[in-house]
Amino acid sequence: MQELAESLKRDSGSKPVVSVCRGTGCTSSGSREVHAALQKAAEELGMADEIEIKGTGCHGLCELGPLVVVRPRGVFYKRVKPEDAAEILQKTVKSGELVERLLYEAGGQQVVCEHDVPFYKKQHRIALRLNGLIDPMSIEDYIREGGYQSLAKVLFHYSPEQVIDEIKRSGLRGRGGGGFPTGRKWESCRKADGEVKYVICNGDEGDPGAFMDRSIMEANPHAVIEGIIIGSYAIGAEQGYIYVRAEYPLAVRTLQKALEQAREMGLLGKDILGSEHSFDIAIARGGGAFVCGESTALMASVEGHVGEPRAKHIHTVESGLWEKPTTLNNVETWANVPVIIERGADWFASIGSEGSKGTKVFSLVGKVKNTGLVEVPMGITLREIIYDIGGGIPGDKAFKAVQTGGPSGGCIPAEHLDTPVDFDELKKVGSMMGSGGMIVMDEDSCMVDVARYFLDFLRDESCGKCTPCREGNQRMFEILDKICAGKATQADLELLEDIADVVKNTSLCQLGKTAPNPVLSTIKYFRHEYEAHIKDKRCPAGVCRALIAFSIDPQVCICCGRCAKECPVQCISGKKGKPPAKAKEDEAAGKKKGKVGEPFKIDEQQCVKCGTCFDVCPVGAVKRT
Amino acid sequence: MATVNLTIDGKPVSCEKDSMLLDVALANGIKIPTLCHHQALPDYGACRLCLVEITQGRWNWVEASCTYPVRDDGLKVETNSEQVQRYRRLNMELLLARCPDSEQVRRMAREMGVEQTRVPQDGKDRCVLCGLCVNVCHDLVGAGAISFVGRGSRRRVDTPYGEPSEVCIGCGACAEVCPTGHIVVRESEGEREIVPFGTKHKLVACPECGRGYVTEKQLAFLEQKLGEKSEILGGCPVCKGRRRAEELQKVYESLSTPRRN
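Chains C and D are the protein sequences, given in the same order. The first sequence lines up with residues 733 to 1357 when you count with my numbering. The second sequence lines up with residues -13 to 247 when you count with my numbering.
What the hints contain is simulated information worked out from the structure, not anything from laboratory work. Predicted model, so just to flag it, every value in this text is computed and none were measured. For glycine and all other residues, C-beta sits at the position ideal for the given N, C-alpha and C. Treat the hints with care, as some may be off.
Covered, in the sense of this in silico footprint (three residues per stretch, anywhere, with C-beta under 8 angstroms from a C-beta of chain C), are these stretches of chain D [what the hints assert, rightly or not]:
1) 73 to 82
2) 90 to 97
3) 103 to 115
4) 138 to 150
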């Protein structure tokens, strides 16, 4: 493998590389067109043979896409348009000049290189290390960067026990949310009775707003595959499955292609690389049920049954898929494995916090300037992620809460912003690591409404098997809805807490056990908001429509009529013209009076409280109470 | 098989390793309320009424006893602690709000001290989604006529597309195991209907008494399963019982004659 990597390196020589991010975020902001324009421009300029234009996986800073990076220097261009293509090639690639308008700016300073952009500076990329460097559809690219050398190393120099020992010593814990020590899981599965064993990769990323695993599968499928093959060798499995939701068509295609390439090169199949280990991987596509991310539900789904969980007192490492010992790990966990083998357990264990080693990928979304994909060492604080990497809250608004761990995570308030991101620490503040969702909320978010939103998701995604999760989540949603509508009493709040308690403590699987987190954490940290809705019939953040009213201050209104023009239900009336007060002033000063307007008014009976008038008023005359 | 020792409500008990805790309690005369447990079927863990409080060393937690395999010595189990009662009542409250029309659910709730619910009693049918009917139809009968449909609060038990099932044999096992009276068998004029699925079956008359006793499909299904042994099917259970009684009487008579001599 090493020789192959070196020969590939020699072949590629030292051509400049222009990488265009073809991740989902950048593609939706137009990187397909930028990619095509770069290729066309290279032809037209006669540079096609001298440079390489590469469509890569997600670079991470989705907010500023489409992103283009010119290597070897690593010049970072943001929001690139197809018409910029020729200029980038001519200036940056040919003569080393910069296209200044496309550079990243921070505090009035332009930043040239990718690694100097504050978003990337504090990150430590292990699982995402090759995103942005390699073409996901090319196994040669992966091998050139050292790929599959870890596999060759374990097959010929390690016993399965040594592999397990290395993973155990690294301190790697499951990235899917549970945080179970990976090495221990593998060890139990290896020791479990049975000839036939399975390994599974859980790619059923179901959290709204999360795209960590998707980005890894789409950007670097071979890292996941290499990790799984190493795992299969350690455990003694001959068959593996990658479970991906069908809503990720690009991930499915990329993985399919990668599996074909790996089979062609003898990295999968009988006697891998001439060793005695035989193993193959099939893709199982899921129907997109959130509960199928739960390991036993996922296995039921692979078997062709309805995806619903079972009690896990008998662990899946003893009796999992088709009642055989099965090791299931998340995409990100698998992607970490080859790097741990390559660089050693000690190196990996030196990164992170006491109980959580290595790094974690988060999808940072919501009210934060730099939304995107970040990979940070464990133990970094939430504040560092949100402010240093995320760039803080847009529009100088106040931070209110961050929700970690997906829909069933808790909302963490400002007073806990210095909590280190770590499996155990996040639990202490009423949330969880989960698979890595991170949603930032500002002062404009109503925490009752936020809890209502997540419970709406969870009541729908509960499989419905056990009473507390099925009935309890539905009832919690109904009560939250009542609170948002201003129709709830203090007794409803007590009932909400009672139901949250029973759902948390008596549900069958982790979906149910964690579903009340959004409710419990918002009641814990934002009880005053609940009480404002219940006692004062007031929504402090001005979100819950039943509890807010819009009015126009006639003293401030400049009679421009924009509110009336934009109002979707035509409930604002008035007359465009000069404000009466101004007209009077002008008249007194002997100036022309002109057309006198009439301050605009909102008909409260007709108003649907959409807030458009509030948003469009240029002088802030529309008041929300 | 290894034996494990534990205490349930202070009473020392032993059982085979990996026995389900609920079975162990029931075998020792300790009653635990359930809706989704049936001795003929594997435990499913849906109703969450068989909760117990388990203490093991410094750990203490509430668990559904039906799916908890007893593996370690020294467990202390409380089947009616304050915490258990609290959670059990809350789950019962949720089920009662779902099935206010089920007499069985009402009675069970009353026994637990749940008369009222704080959430509206707006459930439309009597199904608690215990899964017994689905499991008996799939696993014991082997017909697979009904299944769970939908998820979350829209989950229900139904036939494919809500239409009368083609594979239903009309055996009525689903109604037999239903703990809440949601599924019932109705018979009239030589016809059997499985309610609420709307599956209708023609009944076969008993050759002796003429009473409809089995559906055509059920008879065919049994004949196929039994093969050569099908002859044991003949006639309705009442007539078969009478015939058997007459045979037995003859045996007794033949036995008692010599003894008198």
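Annotated coverage of the segment 103 to 115 of chain D by chain C, confirmed only when three residues or more have a Cβ within 8 angstroms: holds (count 4)
Check of the segment 90 to 97 of chain D against chain C for coverage (Cβ-Cβ below 8 angstroms, three residues minimum): As far as the segment 90 to 97 of chain D goes, the hint is violated, because 0 residues have Cβ atoms under 8 angstroms from chain C.
Coverage assertion for the segment 138 to 150 of chain D with respect to chain C, Cβ distance below 8 angstroms, three residues required: holds (count 4)
Coverage criterion applied to the segment 73 to 82 of chain D (partner chain C; beta-carbon cut 8 angstroms; 3 residues): holds (count 5)
Hint violations for this structure: number 2 only, all remaining hints satisfied.
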